[in-house]
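Visitor: Spelled out from the first residue to the last, the chains are:
2 protein chains.
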Amino acid sequence: MGNFDWELLTELLENRQFRKLRETMADMNEVDIAEFIEEQELEKKVLVYRMLPKELAADVFSFLEVEDQEHIINSITDYELGKIIEDLYVDDAVDMLEELPAIVVKRVLKNAAPDTRALINQFLQYPENSAGSIMTAEYIGLKRNMTVEQAFAYIRENGVDKETIYTCFVTDSKRQLQGVVTVKDLLMNPYHTIIKDIMDENIIYAVTTEDQEEVVEAFNKYDLLCLPVVDHEDRLVGIVTVDDVVEVMEQEATEDFEKMAAMLPSEKPYLKTSVLELAKNRIPWLLLLMFTSLLTGAILVTYENALQVVPLLISFIPMLMDTSGNCGNQSSTMVIRGMAVGDIELRDVVKVAWKELRVGFLCGLVLAAANFARLLLQYPDQILVNLVVVLSLVLTVILAKTIGCTLPMLAKRMNLDPAIMAAPLITTIVDACSLMIYFRLACALLKI
Amino acid sequence: MGNFDWELLTELLENRQFRKLRETMADMNEVDIAEFIEEQELEKKVLVYRMLPKELAADVFSFLEVEDQEHIINSITDYELGKIIEDLYVDDAVDMLEELPAIVVKRVLKNAAPDTRALINQFLQYPENSAGSIMTAEYIGLKRNMTVEQAFAYIRENGVDKETIYTCFVTDSKRQLQGVVTVKDLLMNPYHTIIKDIMDENIIYAVTTEDQEEVVEAFNKYDLLCLPVVDHEDRLVGIVTVDDVVEVMEQEATEDFEKMAAMLPSEKPYLKTSVLELAKNRIPWLLLLMFTSLLTGAILVTYENALQVVPLLISFIPMLMDTSGNCGNQSSTMVIRGMAVGDIELRDVVKVAWKELRVGFLCGLVLAAANFARLLLQYPDQILVNLVVVLSLVLTVILAKTIGCTLPMLAKRMNLDPAIMAAPLITTIVDACSLMIYFRLACALLKI
Chain A
5 MGNFDWELLT ELLENRQFRK LRETMADMNE VDIAEFIEEQ ELEKKVLVYR MLPKELAADV
65 FSFLEVEDQE HIINSITDYE LGKIIEDLYV DDAVDMLEEL PAIVVKRVLK NAAPDTRALI
125 NQFLQYPENS AGSIMTAEYI GLKRNMTVEQ AFAYIRENGV DKETIYTCFV TDSKRQLQGV
185 VTVKDLLMNP YHTIIKDIMD ENIIYAVTTE DQEEVVEAFN KYDLLCLPVV DHEDRLVGIV
245 TVDDVVEVME QEATEDFEKM AAMLPSEKPY LKTSVLELAK NRIPWLLLLM FTSLLTGAIL
305 VTYENALQVV PLLISFIPML MDTSGNCGNQ SSTMVIRGMA VGDIELRDVV KVAWKELRVG
365 FLCGLVLAAA NFARLLLQYP DQILVNLVVV LSLVLTVILA KTIGCTLPML AKRMNLDPAI
425 MAAPLITTIV DACSLMIYFR LACALLKI
Chain B
5 MGNFDWELLT ELLENRQFRK LRETMADMNE VDIAEFIEEQ ELEKKVLVYR MLPKELAADV
65 FSFLEVEDQE HIINSITDYE LGKIIEDLYV DDAVDMLEEL PAIVVKRVLK NAAPDTRALI
125 NQFLQYPENS AGSIMTAEYI GLKRNMTVEQ AFAYIRENGV DKETIYTCFV TDSKRQLQGV
185 VTVKDLLMNP YHTIIKDIMD ENIIYAVTTE DQEEVVEAFN KYDLLCLPVV DHEDRLVGIV
245 TVDDVVEVME QEATEDFEKM AAMLPSEKPY LKTSVLELAK NRIPWLLLLM FTSLLTGAIL
305 VTYENALQVV PLLISFIPML MDTSGNCGNQ SSTMVIRGMA VGDIELRDVV KVAWKELRVG
365 FLCGLVLAAA NFARLLLQYP DQILVNLVVV LSLVLTVILA KTIGCTLPML AKRMNLDPAI
425 MAAPLITTIV DACSLMIYFR LACALLKI
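Each protein sequence line maps, in turn, to chains A and B.
Quick note: the first sequence, position 415, residue 419 per my numbering, numbers continuous.
Quick note: the second sequence, position 294, residue 298 per my numbering, numbers continuous.
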């Protein structure tokens, strides 16, 4: 994909053919150039960055890692810094400022124009993970009485530094959102058409304080390229574009993966997270689960007597615990993911439980049959023990499936994140249950 | 969000105010209308669908569930069917045809125009999960010698039924892709500019047979709205738009969730998958893991003697097994997800292992300290047993972390899907290891 010539750039840089380097970069994709800069040694990063044609500089800058952004900020003049800030989209500027040390933030804001500074400060105040925190301010605003021709003239004049020009927003004198018109609509209608006659008044929008997950859902449901964001007085304050939503989607999925593996979600990519931070994210759940699983140990101790009488019983404990854990894991994963992507709603709880009950019965039956065959071969004279094992297996599988699917829904019902009711916690719970079932059955059938 | 008036539609439908219903729907979003139709009883679905203004009909149709699409196809005339097929984008048509029964597919193809039929047949042949399988054919193709004015005229004439008009593709007489020009470029340049002077020749593209995951990566990396797809002779055959990519991203994440919970990925949403299918997806891994965990049981039996001598030892088995499983799960999840989103590469294996080793050491230490404090309170006279437990804990946590992070990378190295090396398999493996460590230490320290 693409035709980025890494070696050519490296060669030009090493031979100090700067004019050629500059010309070559001018034709390249800003993402590739950012990647190239990231791979350079510290002092060369600024050298290459300064060589960029000015219309590329801010774009490339926005794709750099925050460490490199900081390094460049610290190496350039206030004037150059001011230029970058003006050219960045507000959302990219805000993303960067949220990660930079306070002293650098101060210098950045000092060099921004007053308007930009006010805007950035406003955007910095939206709560984390809200629609406001992922939106940007650079949109095309039109008026309802403009003609298509006037709209095009306006876009030609003001479109260069807008994040998207393809969806334009029609606002009234109070900045309240009245309609949406796409460039496609503009192109498909004669020049003299009035915007208000072609604008779509059935607007899908978000409010600044809404959660970003709802923004993602709207994009998914309506296949949007761009979503307007209004404040609590219905005034248009920004837009969210699809590229930012794609990023949020990945983040949200990653967070679910982390929570479902009993970790607190981390802010940074794995390799950039320190050992201490990783440990801190993992220890709380490990501690909780460790102490919970001691209860399971206590159950084992209670039935020590049974184990003394029929020592063979012990050899099936790992199998029962692992299998029930795996079964619960399967169900809870299906349900958690199903709820995350909107396939499963809370009102489906009975449908889901009934389904899992039957799936559990089927799985339990097959596993028990396979196990029974093996047991008959290995311990042909221990019919009763074999019976205890397979009966426990069927029962625990059914139980695990039912617990696994209902707990995440219960969590959701209580406004908790369903993802915490995943494998680790479910395993600990069903482990205890499966041992209880196993020993109760053993005591009853083997008359211990 | 949005202003969809469900109750109004229901009322109009119930009172048979069909003209009003038709007018109301004309202003609504096609996704909302599709949802409304889905909620109706069978005979009303077709009734409502037929009432749609014709420019909306195909759009709404493409958002319906395949069952409803089938029902509508079976209820309309060949002429109506032909109209729908012509108005659908090829990718939506192909998605639908892949799910419909053969007899319905036959009727659909029979009623398509010869060109459309040829195109659909071509698209149906691209391998599942390839770039070709998610692309569509409706793009704007320009020629290099056109002026901006001519380009606009062309778009005005041909843009109505294109999936996107915002990115236009410049091809030569052999249909080979030469450049890309956006509507923004067109708007920002004077009418007499020649396309070849403003088109971007540094094109990011995909080949029909490439995996859809690579398409997703390109969209993520370059923040694309649309990606051209060429065949093996570099001829432009289609485009992938960002809305389809968002869908693929969700699918791929769901598949990873399923694989990581020891299930074969399912094709359909949970509630639409039958009990039998769900069981079939889950049983193979459950069987494999069940038999593997019997090995762990065998280890327990080997050390039955130790358990007879110091019965207390048994009470810590669930805690050790659960904790090591959880630790392995945490590491493998971080690594699998990190590789999926491109944060971790195979060449980082040493960095990752070294990191996990240290994280494991920290986690092990904290868990052991917490446990030791508790053990001292509960069994103050069993210092040696307590020592065995905490030493085993530290060692198994470190081991679990190391195994958990290396196995997924090993899988990737062997061109397997890293997601199979997730919690369930890792748990089974580290369970066995942790019991070995525990009993070895117990035998050594307690002199059994």
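Just to be clear, a hint being listed does not mean it is correct.
No distinction is drawn between identical chains; accordingly, a pair holds when it is met within one copy or between any pair of copies.
[Unchecked claim] Restricting the straight-line Cα-Cα distance to at most 25 angstroms, the calculated cross-link-like pairs of lysine-lysine (PhoX-like) are:
no.	residue 1	residue 2
1	Lys48	Lys225
2	Lys178	Lys272
3	Lys272	Lys225
4	Lys178	Lys110
5	Lys284	Lys355
6	Lys24	Lys48
7	Lys110	Lys272
8	Lys147	Lys188
9	Lys147	Lys200
10	Lys49	Lys147
11	Lys48	Lys200
12	Lys355	Lys58
13	Lys58	Lys225
14	Lys200	Lys416
15	Lys276	Lys225
16	Lys87	Lys284
17	Lys200	Lys188
18	Lys188	Lys87
19	Lys276	Lys416
20	Lys166	Lys188
21	Lys58	Lys87
22	Lys24	Lys200
23	Lys58	Lys276
24	Lys284	Lys110
25	Lys147	Lys114
Hints in this document: simulated from the structure, not taken from any laboratory.
Visitor: When Cα atoms must be at most 25 angstroms apart, do Lys188 and Lys87 count as within-copy, between-copy, both, or neither?
Guide: between (33 angstroms within a copy, 23 angstroms between copies)
Visitor: Between copies, within a copy, both or neither: which fits Lys48 and Lys200 at Cα up to 25 angstroms?
Guide: This pair counts as neither: shortest intra-copy Cα distance 53 angstroms, inter-copy 34 angstroms.
Visitor: Between copies, within a copy, both or neither: which fits Lys24 and Lys48 at Cα up to 25 angstroms?
Guide: Cα proximity of Lys24 and Lys48: one copy only (16 angstroms, versus 68 angstroms across).
Visitor: Could you figure out if Lys284 and Lys110 sit no more than 25 angstroms apart (CA to CA) within one copy, between two copies, both or neither?
Guide: neither (30 angstroms within a copy, 59 angstroms between copies)
Visitor: Given a CA cutoff of 25 angstroms, do Lys355 and Lys58 count as a within-copy pair, a between-copy pair, both, or neither?
Guide: Neither: 59 angstroms inside a copy, 37 angstroms across copies.
Visitor: I want to check one pair: Lys166 and Lys188. Are their C-alpha atoms no more than 25 angstroms apart within a copy, between two copies, both, or neither?
Guide: both (17 angstroms within a copy, 10 angstroms between copies)
Visitor: Give the relationship of Lys58 and Lys225 under a CA distance limit of 25 angstroms: within one copy only, between copies only, both, or neither.
Guide: Answer is between: at 22 angstroms across copies they meet the 25 angstroms cutoff, but 38 angstroms inside does not.
Visitor: At most 25 angstroms between C-alpha atoms: does Lys48 with Lys225 qualify within a copy, between copies, both, or neither?
Guide: Classified as between: cross-chain Cα gap 23 angstroms, same-chain 45 angstroms, threshold 25 angstroms.
Visitor: Between the shortest in-copy and the shortest cross-copy C-alpha distance, which are at most 25 angstroms for Lys178 and Lys110: within, between, both, or neither?
Guide: Neither: 32 angstroms inside a chain and 56 angstroms across chains, both beyond 25 angstroms.
Visitor: Is it within a copy, between copies, both, or neither that the alpha carbon of Lys147 lies no farther than 25 angstroms from that of Lys200?
Guide: Close inside one copy (8 angstroms), not across copies (34 angstroms); limit 25 angstroms.
Visitor: Up to 25 angstroms between alpha-carbons, please classify Lys272 paired with Lys225: within, between, both or neither.
Guide: Classified as between; 17 angstroms across copies, 29 angstroms inside a copy.
Visitor: Could you figure out if Lys110 and Lys272 sit no more than 25 angstroms apart (CA to CA) within one copy, between two copies, both or neither?
Guide: within (23 angstroms within a copy, 51 angstroms between copies)
When held up to the earlier numbered hints, the structure conflicts with 2, 4, 10, 11, 12, 14, 16, 23, 24, 25 and fits the remainder.
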